[in-house]
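> Below, each chain spelled out in residue letters.
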Amino acid sequence: MEHGRFWRGLLTRGVGRRHPSGGLLTPPRIAFFLIRLAPAIIFLVHGSLKLFGGHHDRTVALFLTVNIPLAEPAAWIVGALEMAGGLALLTGVLMRPLAFLLAIEMAVAILRVRLPQGFLGGWEFELTLLLICLGIAIRPRGID
Amino acid sequence: MVKLLLAVLALAVLAVAASAADVTEVPSGVSTEAVKAFKRGLEFHAAKQWPQAIKEYERAVALGGRFPEAFNNLAYCLRKTGQIEKAIELYKVALQLRPTFAQAHDYLARAYLAKGDRAAALREYEIVRRLDRKLAHCLRTAIDRNDPDYNDMPWNTGGSGAVSSPAA
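Protein chains in written order, with the numbering used here: chain G, 1 to 144; chain L, 1001 to 1168.
Be aware that one or more of the hints could be misleading.
Estimated spans, in silico, between C-beta atoms of each pair [said to hold, decoys possible]:
| id | chain 1 | residue 1 | chain 2 | residue 2 | range |
| --- | --- | --- | --- | --- | --- |
| 1 | G | Ala80 | L | Glu1043 | 43 to 51 Å |
| 2 | L | Lys1039 | G | Ala80 | 38 to 46 Å |
| 3 | G | Gly118 | L | Glu1126 | 23 to 31 Å |
| 4 | G | Ala107 | L | His1137 | 33 to 41 Å |
| 5 | L | Glu1126 | G | Thr128 | 43 to 51 Å |
| 6 | G | Ile30 | L | Met1153 | 53 to 61 Å |
| 7 | G | Glu124 | L | Thr1081 | 31 to 39 Å |
Below, a sample of chain G positions facing chain L; criterion: calculated Cβ distance under 10 Å [stated by the list, open to error]:
| id | residue |
| --- | --- |
| 8 | His56 |
| 9 | Gly118 |
| 10 | Gly121 |
Calculated directly from the structure, the hints in this document are not laboratory data. Owing to the predicted nature of the structure, the values given are computational and were not obtained by experimental measurement. Glycine included, each C-beta is placed from N, C-alpha and C at the ideal position.
Please work from the sequences and hints to get the whole structure.
Here it is, written out as C-alpha cells:
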C-alpha cells in the first residue's frame, strides 16, 4: 500500500511533497508529467552516455573544438547535470533549479555550437529543450 | 498502471540509448545535385587531380549549403595546391558545421603543420585522439616526422584500411 503510494507520488508530484488540491492522478498532473517526461528521457539518455556510455571523449573533443574552458572536467559536469536534471524532471525532486540549469546548458549549446548549423537540423532541438526546461523552471506555484 | 508506465519508460530509455550510440555521419539537408558534384569531386580527389576536384567541391559547397564533407575535402585539395590559409579557413567552416568531424580535425592539424604551427597541430591532435584513435595514430606520426603529407589519405593508400574515408 505504502509502496504504491510512493510511486504514485513520484509520478505526479515528486517525493515528499503534498499537493494542496489533494488528488494524485489528476489530468493536470498527468499532463504536466508527460511534458516533463520528454526532456527527462532525453537528458537521462544523453547524460548516461556522457558518464557511462563512452561519449565522454566525444564530448571533450566537442568542448575543445568550441573552446569551452576546462573541457575535461566540464564534460563530466555536463554529464552529471544531464543525469541529475533528467532524474529531477522524472521525479519532481529539485525540479526548478535543475530545469533552470539545463535551460542554461541548452542556451550555451545553441550559442557556442549550434548557431552556425542553422535552425533546421541545427539549433531547433536545443531550443525546444531550452523552452521546455525554462517553462518548468519558472512555472507558477501549484503546477507540479 | 504506474508500474507499466515506468517499465515502458525504462524500455524507451534503453532503446534510445542503444540507437544514440550508433551515430552516423550522413549530412542532412544537402541537395542531390550537391552530393553528385561531391562524388565527382571524390573521383578526381582519389586520382589526385586537384584542380578538377576543387572545381567539383566548390560546386558542391555552392549547391549544398551546410555540407561539412565538401568543405573538408575542398580544403584538403587547396592544401595540396599550396593554399594553406584558405584551406585552414575552410576546415574551420567544416568544423563549425560538425564540431566532432574527426577527419577535418586531422586535416586541419596537417594544415597547421604545413604552415609551421606545430603547437596548433598538437592541439588538433588532442581532439582527434578523443574521436578516432587510429586516425590520431597516423596524425601523431605525421607530426613527429614534421611531414603533413605523411599517410594523409590512409583511406586511399591501403596504409590503414580501418580509417574512415571521406563520406560519400
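> All the hints need checking, so say for each whether the structure fits it.
A quick look at each hint next to the structure:
1. Ala80/G <-> Glu1043/L: 43 to 51 Å: holds, 47 Å
2. Lys1039/L <-> Ala80/G: 38 to 46 Å: holds, 43 Å
3. Gly118/G <-> Glu1126/L: 23 to 31 Å: For glutamate 1126/L against glycine 118/G, whose Cβ atoms are near 28 Å apart, the range 23 to 31 Å holds.
4. Ala107/G <-> His1137/L: 33 to 41 Å: holds, 37 Å
5. Glu1126/L <-> Thr128/G: 43 to 51 Å: Given a distance of about 32 Å, which is not inside 43 to 51 Å, the answer is violated.
6. Ile30/G <-> Met1153/L: 53 to 61 Å: holds, 57 Å
7. Glu124/G <-> Thr1081/L: 31 to 39 Å: Roughly 38 Å apart at Cβ, these two residues keep to the hinted range, so it holds.
8. His56: For histidine 56/G, the interface hint holds, since the closest Cβ of chain L sits about 9 Å away, which is under 10 Å.
9. Gly118: holds, 6 Å
10. Gly121: Given a least distance of 5 Å, the restraint on glycine 121/G holds.
Figure legend: structure checked against the earlier numbered hints; the only hint not met is number 5.
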